[in-house]
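According to the working numbering, the residues represented by the sequence shown are 1 to 117, in order.
The set of hints was computed from the structure by calculation and includes no laboratory data.
What you are looking at is a predicted structure, and each value in this text was computed from that prediction instead of being measured.
Treat the hints loosely; a few may be bogus.
With beta-carbon atoms standing in for the labels, derived distance ranges [what the hints assert, rightly or not]:
| no. | residue 1 | residue 2 | range |
| --- | --- | --- | --- |
| 1 | 52 | 10 | 18 to 26 Å |
| 2 | 39 | 12 | 34 to 42 Å |
| 3 | 74 | 107 | 14 to 22 Å |
| 4 | 112 | 82 | 15 to 23 Å |
Just so it is clear, CB atoms sit at the ideal spot from N, CA and C, and this is done for glycine as well.
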Amino acid sequence: VQLQASGGGLVQAGGSLRLSCAASRSIFGFDAMGWYRQAPGKLRDLVASITSGGSTNYADSVKGRFTISRDNAKNMVFLQMNSLEPEDTAVYYCYLRGVASVAPNYWGQGTQVTVSS
């Protein structure tokens with residue numbers, strides 16, 4: 001499966017961006033999709049995830065500001081990011097995880113999000 005992420009860019013603090021991730025084939029049978037991010041010099045951290053049943057999970061730092069959603073018919077996952085802060089600056093990676101996996105099985109190529117103060 002190939003994942004294509006898009007939607008990153010440069011935005012001022014307080015602004016919004018919407019990230020999209022498209023899978024090259026059906027995501028039926030995969031348990032979770034979501035987003036990690038990696039800032040320079042830091043580890044890659046989970047931002048948000050959504051299961052096939054629609055259950056969501058967010059990092060504490062983005063709760064109330066980011067919303068994850070998925071469109072199974074289009075094999076896509078989205079991340080709506082509002083009230084962006086400079087600390088949100090990072091490369092954002094989408095992922096896809098199988099039912100029997102504890103870690104992501106597939107990664108997108110990453111999309112840069114830069115929030116200026």
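For each hint, the structure was consulted:
1. Between residue 52 and residue 10, the C-beta spacing of about 33 Å breaks the proposed range 18 to 26 Å.
2. A beta carbon spacing of about 18 Å between residue 39 and residue 12 contradicts the range 34 to 42 Å that was offered as a hint.
3. The hint said 14 to 22 Å for the Cβ distance between residue 74 and residue 107, and at roughly 19 Å that hint holds.
4. Between residue 112 and residue 82 the CB atoms are about 18 Å apart, so this pair conforms to the stated range of 15 to 23 Å.
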